[in-house]
Structure formats: C-alpha cells, structure tokens
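Participant: Spelled out, the chains give:
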Amino acid sequence: MANVTIRKLNKNYENGFHAVKDVNLEVRDKEFMVLVGPSGCGKTTTLRMVAGLEEVTSGEILIGTDVVNDLPPMDRNIAMVFQNYALYPHKSVYQNMAFGLQMRKYPKEEIEQRVREAADILGIGPLLERKPRQLSGGQRQRVAVGRAIVRHPEVFLFDEPLSNLDAQLRVQMRVELKRLHERLETTAIYVTHDQVEAMTLGDRVVVMKDGWVQQVGEPLELYEKPANRFVAGFIGSPAMNFVDVTISDTGGALWVDAGGLRLKVPPQMVERVRTHAGKRATLGMRPEALHLANGSDHADFCFDTAVDVVEPLGNEILINFRAGGAAMVTRVDPSVRVKAHQNIRVALDPQRVHFFDGTNGAAI
Amino acid sequence: MVIERKWRKWLLFYLPMAFFIVFTLFPFYWMAVTAVRPDGELYRTWRQASATPFWTLEPTLEHFKGLLQTTKFPHWLWNTMLIAIVSTVISLVCGMFAGYALARLKFRGSEFLGTAIFVTYLVPQTLLFIPLADIIRDMHLGNTPWALMLTYPTFLIPFCTWLLMGYFKTIPKELEECARIDGATRFGAMVRIIFPVAIPGILSAGIFAFTLSWNEFIYALIFMSSAELKTVPVGVVSELIRGDIFFWGQLMAGALLGSIPVALVYSFFVEYYVTGLTGSVKG
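If you're matching them up, the sequences are chains A and B in order. Quick note on our numbering: the first sequence kicks off at 1 and runs consecutively. Quick note on our numbering: the second sequence kicks off at 1001 and runs consecutively.
Since the hints were derived computationally from the structure, they do not count as laboratory data. Take these hints with a grain of salt, some might be off.
Said to hold, decoys possible - Derived pair list, reagent style EDC-like, types lysine to aspartate or glutamate, alpha-carbon separation capped at 16 Å:
| no. | chain 1 | residue 1 | chain 2 | residue 2 |
| --- | --- | --- | --- | --- |
| 1 | B | K1106 | A | D249 |
| 2 | B | K1106 | A | D357 |
| 3 | B | K1173 | A | E14 |
| 4 | A | K279 | A | D357 |
| 5 | B | K1106 | A | D210 |
| 6 | A | K264 | A | D249 |
Stated by the list, open to error - If you want the footprint, here are the derived chain A segments under chain B, 3+ residues with CB under 8 Å:
| no. | stretch |
| --- | --- |
| 7 | 64-78 |
| 8 | 243-251 |
| 9 | 302-313 |
All residues carry an ideal CB built from backbone N, CA and C; glycine is no exception.
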C-alpha cells in the first residue's frame, strides 16, 4: 500500500521565510495527485520534503505506514523526475537508467531486463547508447521518466517535468504521462504551475498559495465549486470574471450593484447570500456562464455594455468588455459576428454564479 | 562584429592584433634565435654592418649539447617534472574535496573558511619563506624534493580550491539530488557524478597548478642547495650565470627546453581549460 500521508507539515528556512504552513494531505494508493499554484506557493518545497531533499521543520510524512521524516532519500523507495531532467551528462542513456539499480546492487540481467522494458514503454530503445547531449528535449524527458520507472518505486514524484518543453511537445507528453500512469498504477505526486496540466492529469488536485493549501478535490469539483476567490481565479482559462459588488436587500429579493451594473441574485443562492446583505462581496462568473442575450433571457440577469476587444480563436470567439468597473470575458460560438465598440446585451446563466466574501475571499 | 569598410577593420583589428602578437611572442622568438646562434655571433657588437640581429646565418646546436652534457640540466628537468606533478596531485585532491565542501555543504563558518583559504593565497612567498624555512629545517627536509612538494601546496591548494569551488557551483544541484535518490551516498554522488562531470574544471585547475609549480622560484632557490636537486628555473640561473659571465646561448637553450613541457600541456588541454574557466554544461 503506497499511500502518502502528510500531517501538519511546516517548513521554515533559516532566514525566517515560512514556506509551507500546516499542510495536511492524504494521497491514496495509486492516485495521481497534483500540487498546483503560483511560483513561491510552497508546492515544490512540499514535494522535496516528501523526497527527503529538504529537512522537515515540523510535521510528519508517511509513506505507507512508515514515518519517513528521518529516512534518507534513497531509503524511501521513491523516484523523482526533475524539471531540467538532471540526466548524468557523462553517462549513456542506458547507464543513466541503470545507475539507480547498480547502486542497489541488482544483478546485471535484471538491470538489463528492466531498462529494456522501460525503454520499450517510452519508445527510447534506439537511443540507449547515446549521451544526453545528443538527445532532444522530449527525448531527455523520456529518459528521465524511464530512469524513474526502472526503479519500480512506491511513489513517483514529478517536479514540473514538462515546463522546459515547447507547447506542442508539452501537450503530447501530458497525454503520454497520463497513459503511463494508467499502465503503471503507481502513486504519483506531481507539481506544476500550469492549471491545465493539473486539470488534465490529476485524479485530485491540491491548490496552494503562500504556503497554505487552498482546496483539495477532483478537478471538476475545483472548477465548479471553488472554495475561495483564489481557486476560482486560478483554475480555468480564460479566468473567471470577478466584479466587486454590494449586496442590497430590497424586501424579498437580493440585488447586486456595481457601478452601473445591476443584477438579481439567483433564487437558489438567496439563502446563503442574505447573510452578507449590505456588505461588499465579489461576484464570479465564468466566461461560459455569460452569453449574448436573446429573447428568452430574463431582464434581471442581463446588462448592456460595449465590446472592447474580440479574440477569434477558431473554435470559439472571446469577447472582452467592461461592466461594473471590471474587465470581463465571454466565450461565444465562432459563428457570432461582433465588432469592437459594438453595443451588446450580455446575459448571465443564473445557475452558474459564484459569490465570494469581500474581505477573505471565501466562497459564500 | 561587422565593420563595414576594410580599412577600418585593418586599423581597429588587424593592426592592434599584429602588434599584440609581436609583443607577446617576440621574447620567445628571441630566445629561440639566441639558443641556436653560435657564440661568435652572440658576443659580437650589433653595430657592425654585417650584424643580423633577428636571425642567424649559422644555426648551431652547440648550446643544447653543452647544456645537456656539461650541466645537470637533465636532472633539473626531471626534478621539476616530479615536483610539479606530485604537488599538483596533492593540491588537486585537497582542492577537489575542499571545493566541493565549500560549494555544496552548508555549515557554520563556511563563508569565512572560503575567504580565509583564499586570503592565504594572497600572502606573498617572499614573506612566507621565512617561517617555512624554519619548519623545513626542523623536519630535516632541507635539500630534498619533499621540501618543495610539501610547500608548493601552500599556494596551490587555495588556488585549486577557489577555482574548483566556482566550477562546482555551476553544476546543477539536481544531479546530486538525483544520485542521492538513486541510492548513492553523499560521498558516492560526489565521486561518481560530480567529479566526472567536473573533469574540465579539474583539468583546468591541474594545468594552472602545474604551471605555477613549474615556474616557482623562491622556495626552490631557498630550500634546495645541491646542484642535482635543483629545479630548472633555479638551476639555469645559478649554474649558467657564473659571477658576471652570462652563458647566453646555454641560458636561452635551457629556458627554451624548460618551457616546452608547459607549452605541451597547454596545447593538449586547451579546450578543457577554456570550459573550466567558463563553467560546466547543463543537462
């Protein structure tokens, strides 16, 4: 059983910087857990503490049932893939992959068999005699993954492995990694700053900011029910539209106001939002929750504005506009024809609205 | 660098370069010409009409023969080579371990220690020879090669440590971390991964150490007295300048032969020492 448990993990550096704050996580056996967040949020530090490359200030890390805080990296039965591959430049691909097994005194035949098996899975068989400097970025990445696979570890650790690849290769490798995980069925912890990678690869995703865990959940859960404004704005591209509003109670119905914009609070949210009546809050609407108004939209959920910038992407068109003092985006079908500065009427889908507390950003 | 007009290229590039080449290589040329110039030509005045200062009409090998047969030059060459190699090896080994420790390990006082090691390099040998002479005498090492093999590291180790420390810092930390995850101990990762990757830097430090040791004069002059045990710089100066008579032909022949090993070492390893100065390759 290779589950990873992290309890009240903290990391303080000598200069006083508190990088990881009270992180609690449970990675289930065979699960692909993604840690995502902006630079400096503590995700890589957490990963490195699981690997044993950083000292733990306080808290416990368990792999299976064993507390591994005091175990050196080589005794934790983990394998790590680094952002810049960290291939040994003076060794061939074969020797790179065999090094870990040689250190553990595996018999030569077994080393040979494991390396060839991993090379076949990753399609790098013909490259075994080359040195790293003779490989392309994608090939080096595969060798780095292969080096981790041959060890048959209990946990795979990935530290932004796709960040150094160009965009197209990144998409391709993402799919391959997912396929690989399904084939190998090994617990994996993956760190990235790219929310697309997090959403596509993770069985569950952990969003971190400033050393704190913001939310843990399945990708769609994070997308549809973000716990706070940060998670709502981080997950999803283009990002959710935010408008700072005041909530007013007009006897029976709740309305939100923001500089010229006036919308009704959808009925299913009234109960929760009522407690914030009279206060400031943030209204969140994803680009796909907005559309150009047609006759069937209720006037309470519509507003008028002017088109700012049009971005045709081919499969959809993004319309940028301003309303309520905020810049917003909506996605429309590519057949829609709008021009800059054209007046439009935008309608909101009342089922897909989010509210966040004005002071702490928590979801209401 | 695109210089549009040809004359500008000549003025700003070729001419200064030619001047610089002549300025640097002329002493070697002069040395080589003097070494093959017969005595008769050497001790004639230049004001004669038939004087040919820049080349010789009757090259001769008599100075080389005289040098190799009548003086102890072959001994000096062997001594210098042995002492240079041994002191280079000692200093490299110490420098590699010290450089690694200062570059990678975080321990209290590491910064101070690094600076202290570098500062010892700055103490001039003309000052340091005094206490060293005492120590050499007390240990009865005077007039033995060990006197030099053990005192040269006093300036070679700081130099090697400093150079290698800088080089090790350019090697990505992830390589060792990966090795440690793969199962190597810290020491094992250093020896199996870092040192092989750092070979250009190590060679570069070795070449500089070899050269510094080869050319060293003060300690060799003070600690070695018998003629057979002297090194080339000292032997050539003490045996070939008797009183106020300079045996120029043999002197220059000795200098020429003495600079060949270092020139060979440099020419074979030039690409290594360039990368050694600029840093390691990532990947």
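Participant: Enumerate the violated hints, using their earlier numbering and listing them in ascending order.
Facilitator: Hints 1, 2, 3, 5, 8, 9 not satisfied by this model.
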